[in-house]
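A.B. asks: The lines below spell out each chain.
Number of protein chains: 2
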Amino acid sequence: MDAGHKFQVRKLEILDKSKDDHSGKIIATGSVFIEKKFLRNCGKVGHIEDVVVDSAARGMQLGKKIIEFLTDHAHSMGCYKVILDCSLENKAFYEKCGYRQKEVQMVKYFV
Amino acid sequence: MDAGHKFQVRKLEILDKSKDDHSGKIIATGSVFIEKKFLRNCGKVGHIEDVVVDSAARGMQLGKKIIEFLTDHAHSMGCYKVILDCSLENKAFYEKCGYRQKEVQMVKYFV
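Each protein sequence line maps, in turn, to chains A and B. Going by UniProt numbering, the first sequence opens with residue 1, and the numbers climb by one from there. Going by UniProt numbering, the second sequence opens with residue 1, and the numbers climb by one from there.
Any given hint could turn out to be false.
Once the Cα atoms are required to be at most 27 angstroms apart in a straight line, the calculated BS3-like pairs of lysine-lysine come out as [said to hold, decoys possible]:
1) K17/B with K81/A
2) K11/B with K25/A
3) K91/A with K102/A
4) K11/A with K81/B
5) K65/B with K37/A
6) K19/B with K36/A
7) K25/B with K44/B
8) K64/B with K37/A
9) K91/A with K64/B
10) K44/A with K44/B
11) K19/B with K81/A
12) K102/B with K36/A
13) K91/A with K37/B
14) K81/B with K37/A
15) K36/A with K37/B
16) K37/B with K81/A
17) K37/A with K17/B
18) K36/B with K36/A
19) K102/B with K44/A
20) K81/B with K102/B
21) K17/B with K44/A
22) K64/A with K102/A
Hints were generated in silico from the structure; no laboratory data involved.
With the hints as extra help, turn the sequences into a complete structure.
C.D. replies: Printed below as a string of structure tokens:
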């Protein structure tokens, strides 16, 4: 068991600071973590996770901005590819961001 | 930038020690890493990666053994689910291992 692998993680949040109290409500967020593969000459793979845009903030291209930022970050970190899993309904959105479908995601739940 | 996230990684290798020199050739391997989500009350998700069985060792259920071991490990580590990406051709194999398709995997290559 190797419990010490360090994965570099970058989390992005877009805040709405328009309220008078400047509390800064999070209206969009997303993360990417960088995995160093055992295979492929220890190449790096970016995994985009947890992309969420507040439903009240749709139509502002925030999702696209989040994806572009996280994708560029993975690229700058030396990843040879970035992957993410999404529902079929969101496939067209990610295609607009330059992604294409490659595989299928399988899941097993324990709860 | 948080560069210090520790992801617990477990890598399994099955060796063929039948050669006279006991060199122990790897005939099957697979890994699982445990991601702590920012969402979902910091729940844990297991990611199975890099499952490979030597073509000369097919038919011995080694792939199934690898998946069962990695899935059980993720469960014992407190994951609420395990996910993996696979080609459509391998979907039936993972269904036999108790997995079901949920989403699609999108990819963007930089090279």
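A.B. asks: Now tell me, hint by hint, if it's right for this structure.
C.D. replies: Going through the hints against the structure:
1. K17/B with K81/A: Not satisfied, since the Cα-Cα distance of roughly 36 angstroms exceeds 27 angstroms.
2. K11/B with K25/A: Roughly 40 angstroms separates the two Cα atoms, so the pair is violated.
3. K91/A with K102/A: Distance ~11 angstroms between K91/A and K102/A Cα, so the pair holds.
4. K11/A with K81/B: holds, 22 angstroms
5. K65/B with K37/A: holds, 21 angstroms
6. K19/B with K36/A: Violated, because 32 angstroms separates the two Cα atoms, which is more than 27 angstroms.
7. K25/B with K44/B: violated, 33 angstroms
8. K64/B with K37/A: Holds. K64/B to K37/A sits at ~22 angstroms (cutoff 27 angstroms).
9. K91/A with K64/B: violated, 30 angstroms
10. K44/A with K44/B: Between K44/A and K44/B the Cα gap is close to 22 angstroms, so the pair holds against 27 angstroms.
11. K19/B with K81/A: violated, 38 angstroms
12. K102/B with K36/A: Judged against 27 angstroms, a Cα distance of about 25 angstroms means the pair holds.
13. K91/A with K37/B: holds, 22 angstroms
14. K81/B with K37/A: holds, 22 angstroms
15. K36/A with K37/B: Holds, at roughly 19 angstroms.
16. K37/B with K81/A: holds, 22 angstroms
17. K37/A with K17/B: Judged against 27 angstroms, a Cα distance of about 26 angstroms means the pair holds.
18. K36/B with K36/A: Holds: K36/B and K36/A sit about 17 angstroms apart, inside 27 angstroms.
19. K102/B with K44/A: Given pair K102/B, K44/A holds - Cα atoms ~25 angstroms apart, limit 27 angstroms.
20. K81/B with K102/B: holds, 12 angstroms
21. K17/B with K44/A: Given pair K17/B, K44/A is violated - Cα atoms ~31 angstroms apart, limit 27 angstroms.
22. K64/A with K102/A: holds, 20 angstroms
The structure shown violates the earlier hints numbered 1, 2, 6, 7, 9, 11 and 21.
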